[in-house]
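Protein chains in written order, with full-length UniProt numbering: chain U, 1 to 340; chain S, 1 to 340.
Where hints are given, some of them may not hold.
One copy or two, it doesn't matter: identical chains are merged, so the pair holds either way.
[Said to hold, decoys possible] Mimicking DSS-like on lysine-lysine, the simulated pairs with C-alpha atoms at most 30 Å apart in a straight line are:
no.: 1; residue 1: Lys315; residue 2: Lys24
no.: 2; residue 1: Lys165; residue 2: Lys24
no.: 3; residue 1: Lys29; residue 2: Lys328
no.: 4; residue 1: Lys39; residue 2: Lys315
no.: 5; residue 1: Lys39; residue 2: Lys90
no.: 6; residue 1: Lys329; residue 2: Lys28
no.: 7; residue 1: Lys28; residue 2: Lys309
no.: 8; residue 1: Lys309; residue 2: Lys25
In case anyone wonders, no lab produced these hints; they're calculated from the structure.
Protein chains: 2
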Amino acid sequence: MKKVINCPERVVEETIEGFIAANKKSYKKVENVNGVIRKDLKDKVAVVTGGGSGHEPLFIGLLGEGLADGVTLGNVFAAPPPFNIQEVAKAAHTGKGVLFIYGNYAGDVLNFDMAVELLEMEDIECRTVLVTDDVASAPIERKADRRGIAGDIFVLKIAGAAAEKGSSLEEVARLAQKANDHTFSIGVGLSPGTIPGAVEPPYTLGDDEIEIGMGIHGEPGVERTKMASADELTERLMNTILIESGISAGDEIAVLVNGLGSTTLMELFIINRKVAQILEENGIKTHDIDVNSYCTTQEMGGFSITLLKLDDELKDLYDAPAVSPYYKKFNEHYVHTKNE
Amino acid sequence: MKKVINCPERVVEETIEGFIAANKKSYKKVENVNGVIRKDLKDKVAVVTGGGSGHEPLFIGLLGEGLADGVTLGNVFAAPPPFNIQEVAKAAHTGKGVLFIYGNYAGDVLNFDMAVELLEMEDIECRTVLVTDDVASAPIERKADRRGIAGDIFVLKIAGAAAEKGSSLEEVARLAQKANDHTFSIGVGLSPGTIPGAVEPPYTLGDDEIEIGMGIHGEPGVERTKMASADELTERLMNTILIESGISAGDEIAVLVNGLGSTTLMELFIINRKVAQILEENGIKTHDIDVNSYCTTQEMGGFSITLLKLDDELKDLYDAPAVSPYYKKFNEHYVHTKNE
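Modelling step: build the complete structure from the supplied sequences, incorporating the hints.
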């Protein structure tokens, strides 16, 4: 696998340098660690996200108004060290506390929890909301054990909007937790992505083989099966997610059709065509549909579908402006109020 | 190659259906042909772009305020038929004429020119600006023979902004032509993308082989050589583009680092790090840098670098708002004036 890199040991540092070079006005690096914060930090709860690198644009590309205030980045597919997390949180903190949002992986939980202990010794109040949207990774009775995949985007969107409104740390944490409780995803792996510097992919899939429910680091899914048509695959995933989520006629949702890396936008549109048909057939109202590759695994082939069940509270936050390099949302209301 | 499709013959139709399903409020399909237009068409010059499908988000994802009013889509890597072009232009036309912007490929030129003849018989005034940014495809003396690659984005950005301001067809065409004359790109191919339905890729590249200057359909480049580091590749491309463009100390530019499909955003950031260093060393001022995959070739590996040399006129248009699903730009000025 050809990767356009200089040195496998420096990909994260150089990724940050290249990101900052393109966005100098808005973001700056946190000294001594692999982390980035907004330059226009406000007097509000700091939302800090992060995890292993290699999933770009998540996390670094979602820094900005109505999203994350700081990101802490580990090596590719590896949790950031506690000191890294601590320094980013301190740099992003403006006195109103820190909310950590990240996907539920053992290494991340260990390191973020250690950082929280250290931060609380410095009298910085912290809360944590783990993203657990992957329905294929544990049964509903153990939702708290599920992995976090593309649902990160929705939970971050809601938390960032709540923080931007000036809500308290308790309130932002409550809303982020509610967003997570309402977010359900499932993916399918078609071909592996490779870690920079690695010669071989971390697993193999046959020419006609796919894995339903495979995680974003190649974690085992629920079934290894034959490649099928876009409609068949989409039906399979939608059936599972509708059963798991209980989302049904009359409900209103936001949808994310997320590419894992090398699956093209053309394919994602073809998938979305069937997603929208199924939702309509089931009487489910789609408030918004986003088709993009926000949470990737290097050049992995495959996609995931995420549904966020909305109520009035979540819908207001979902519709709030978000301004980052790789996730942008704004509406007339925003345009109107921004200069008042 | 696994593609998430239903039927190779229907990928363009289903892509459009999936795109519309995600963007119902803003866009609608043109009846009987593979084309899409804005719902909020204004009384201004209609900017129509298009070409072969398979390069998503280009062209369909760049429909919107300050960009394209209509897109006409051929099959994968094939020019749209004249009737298709004609119908999209008629649907997008509001009485102020139509400006066609598309990459310089023989099939496209043939079909668009035929459509222009038919439209002029219906008294719809048309102008055409061909995008010819690929410096590897012909020498500078024959700039008009060059192919269009990611420079499409910049030419469309400038033309869309000029049209949105209410400029005349002559004036919008002049500015689009000027943007093209100021736009220079070069790419490198690392691995081929495949056409949906095809079993084999259209060409092969060895495990350690790359092609400098390769076109976005695999057209021959200037040199087939060994894979190199990100910095070496970037230096090689930047040297060529700076010589070809004459861009030098004191000039001000906009930059696009564009991924061709499966090259990750992490790699594009690492490339951009070097691009920014080289520009700074050369005393060239970067007004804006955009790092994204706007002009792709299915899951092709590789990237291109595009430079747009700005002057006051082009800079104003570059900074104007643009609101499409996959290219968004807005600033305080826009936010302020939108509701006046």
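Quick rundown of the hints versus the structure:
{"no.": "1", "hint": "Lys315 <-> Lys24", "verdict": "between (32 Å within a copy, 18 Å between copies)"}
{"no.": "2", "hint": "Lys165 <-> Lys24", "verdict": "both (25 Å within a copy, 29 Å between copies)"}
{"no.": "3", "hint": "Lys29 <-> Lys328", "verdict": "both (21 Å within a copy, 24 Å between copies)"}
{"no.": "4", "hint": "Lys39 <-> Lys315", "verdict": "both (28 Å within a copy, 25 Å between copies)"}
{"no.": "5", "hint": "Lys39 <-> Lys90", "verdict": "within (14 Å within a copy, 47 Å between copies)"}
{"no.": "6", "hint": "Lys329 <-> Lys28", "verdict": "both (22 Å within a copy, 21 Å between copies)"}
{"no.": "7", "hint": "Lys28 <-> Lys309", "verdict": "between (35 Å within a copy, 27 Å between copies)"}
{"no.": "8", "hint": "Lys309 <-> Lys25", "verdict": "between (35 Å within a copy, 21 Å between copies)"}
This entry satisfies every hint, going by the numbered hints stated previously.
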